[in-house]
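One-letter residues, chain by chain:
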Amino acid sequence: DAGVTQSPTHLIKTRGQQVTLRCSPKSGHDTVSWYQQALGQGPQFIFQYYEEEERQRGNFPDRFSGHQFPNYSSELNVNALLLGDSALYLCASSFLRLAEETQYFGPGTRLLVL
Amino acid sequence: GESVGLHLPTLSVQEGDNSIINCAYSNSASDYFIWYKQESGKGPQFIIDIRSNMDKRQGQRVTVLLNKTVKHLSLQIAATQPGDSAVYFCAEVDGNKLVFGAGTILRVKS
Chain B
98 DAGVTQSPTH LIKTRGQQVT LRCSPKSGHD TVSWYQQALG QGPQFIFQYY
148 EEEERQRGNF PDRFSGHQFP NYSSELNVNA LLLGDSALYL CASSFLRLAE
198 ETQYFGPGTR LLVL
Chain U
43 GESVGLHLPT LSVQEGDNSI INCAYSNSAS DYFIWYKQES GKGPQFIIDI
93 RSNMDKRQGQ RVTVLLNKTV KHLSLQIAAT QPGDSAVYFC AEVDGNKLVF
143 GAGTILRVKS
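Protein chains in written order, with our numbering: chain B, 98 to 211; chain U, 43 to 152.
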């Protein structure tokens with residue numbers, strides 16, 4: 098049973114650039130949530146996708162956008178990168194259609210903005 | 043906004059002892075809570091969950107206690123092992139999102 102996978106594992110960008118992170122949910126799951134985890138802090142909710150639509154969004158600017166594909170995989174895009182965007186970006190999947198609220202996390206993508 | 047916080051940022055225990063990690067939550071309407079373990083360089087790993095209609099739930103070597111009166115959660119780890127060393131988060135399920143606290147670092151001394 099494949100768990101949540103994310104790519105790439107690490108990424109280095111410079112300020113002003115754009116980045117795309119990818120996530121494949123756990124087998125059978127239909128919902129993907131994205132979180133940002135700064136060093137030494139708990140993950141912060143960015144947004145959640147279900148049926149290719151954004152269901153809910155956290156307190157993040159419009160520079161953060163996402164997409165969900167028909168196969169339930171998802172992308173997180175961040176434009177005009179700032180130094181403060183350096184963090185571990187986590188993807189979590191769940192099975193909304195079965196009203197299962199438990200979210201399972203991938204290993205994350207560590208983004209460093211220079 | 044609502045938040046979930048932890049009392050102790052770092053907990054050091056001797057191998058073989060029991061560990062207790064505490065968590066306070068502020069949203070009295072919350073009805074589902076999850077404990078996660080995060081090892082260095084990895085994503086959070088599900089440990090155990092509990093719904094508000096329960097006050098205790100047991101897993102393998104772990105027990106979660108929920109006290110709704112004082113809005114407090116705890117995670118008990120029996121016979122703590124070196125592999126238990128990690129950061130532990132409690133998370134409150136708020137609609138579609140998880141609300142995490144800052145985490146507690148558990149260090150196991152051999």
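Careful: at least some of the hints might be erroneous.
Claimed, not checked - From the structure, some residues in chain B lie toward chain U, with a derived Cβ separation under 10 Å:
(1) A99
(2) P105
(3) G113
(4) F144
(5) Q153
(6) F161
(7) F166
(8) G205
(9) R207
As the list claims (entries may be wrong) - No more than 25 Å apart at the CA atoms, straight line, and that leaves these computed lysine to any residue pairs for SDA-like:
(10) B/K123 with U/D91
(11) B/K123 with U/S54
(12) U/K113 with B/F161
(13) U/K84 with B/G155
(14) U/K98 with U/S152
(15) B/K123 with U/N138
(16) U/K84 with B/F192
(17) U/K110 with B/T199
(18) U/K110 with U/K151
(19) U/K84 with U/K151
(20) U/K113 with U/P124
(21) B/K123 with B/K110
(22) U/K98 with B/E197
(23) U/K98 with B/T117
(24) U/K98 with B/T199
(25) U/K98 with B/L211
(26) U/K98 with B/G155
(27) B/K123 with U/K113
(28) U/K151 with B/G155
The set of hints was computed from the structure by calculation and includes no laboratory data. In this text, a Cβ means the ideal position worked out from N, Cα and C, and glycines have one as well.
Verification of the hints:
Given the 10 Å rule on beta carbons, the hint for B/A99 is violated: about 14 Å separates it from the nearest Cβ of chain U. Evaluation of the B/P105 hint against chain U yields a violated restraint, the C-beta minimum of about 14 Å exceeding 10 Å. About 28 Å separates the beta-carbon of B/G113 from the nearest beta-carbon of chain U, more than 10 Å, and the hint is not met. A least Cβ separation of about 9 Å between B/F144 and chain U falls short of the 10 Å threshold, and the interface hint therefore holds.
This hint holds: B/Q153 has a C-beta 4 Å from the nearest C-beta of chain U, less than the 10 Å allowed. The restraint placing B/F161 at the interface with chain U is violated, with a minimum CB-CB distance near 14 Å, outside the 10 Å limit. With 10 Å as the threshold, the beta carbon of B/F166 stays out of range of chain U, its nearest partner Cβ sitting at about 19 Å, so the hint is violated. Of the supplied interface hints, the one on B/G205 holds, with its beta-carbon coming within about 5 Å of a beta-carbon of chain U, less than 10 Å.
Hint status for B/R207 relative to chain U: holds, with the closest Cβ pair at about 8 Å, below 10 Å. Among the hinted pairs, B/K123 with U/D91 is consistent with the structure: their alpha-carbon atoms are about 19 Å apart, no more than 25 Å. Pair hint B/K123 plus U/S54 does not hold up; C-alpha atoms about 34 Å apart against a cutoff of 25 Å. For the proposed pair U/K113 and B/F161, the alpha carbon gap of about 33 Å is over 25 Å, so the pair is violated.
Taking the CA atoms of U/K84 and B/G155, the gap is about 23 Å. The hint holds against a cut of 25 Å. Using a Cα cut-off of 25 Å, the hinted pair U/K98 and U/S152 is violated, with the two alpha carbons roughly 29 Å apart. For the proposed pair B/K123 and U/N138, the alpha carbon gap of about 17 Å is at most 25 Å, so the pair holds. This hinted pair checks out: U/K84 and B/F192 have alpha carbons roughly 22 Å apart, not beyond 25 Å.
Our distance criterion of 25 Å between C-alpha atoms is met by U/K110 and B/T199, whose separation comes to about 20 Å. With a C-alpha separation of about 33 Å, the suggested pairing of U/K110 with U/K151 is violated against the 25 Å cut-off. Distance hint between U/K84 and U/K151 is fulfilled; the C-alpha atoms sit about 21 Å from each other, no more than 25 Å. Taking the CA atoms of U/K113 and U/P124, the gap is about 30 Å. The hint is violated against a cut of 25 Å.
Among the hinted pairs, B/K123 with B/K110 is inconsistent with the structure: their alpha-carbon atoms are about 28 Å apart, more than 25 Å. The hinted pair formed by U/K98 and B/E197 meets the criterion: a straight-line CA distance of about 20 Å does not exceed 25 Å. For the hint linking U/K98 to B/T117, the alpha-carbon distance of about 42 Å lies beyond 25 Å, and the restraint is violated. For the suggested pair U/K98 and B/T199, the alpha carbons sit about 18 Å apart, so the restraint of at most 25 Å is met.
Pair hint U/K98 plus B/L211 does not hold up; C-alpha atoms about 46 Å apart against a cutoff of 25 Å. For the proposed pair U/K98 and B/G155, the alpha carbon gap of about 31 Å is over 25 Å, so the pair is violated. Between B/K123 and U/K113 the alpha-carbon distance is near 32 Å, which puts this suggested pair outside the 25 Å criterion. Note on U/K151 and B/G155: the hinted pairing is violated, with a Cα-Cα distance of about 38 Å set against a maximum of 25 Å.
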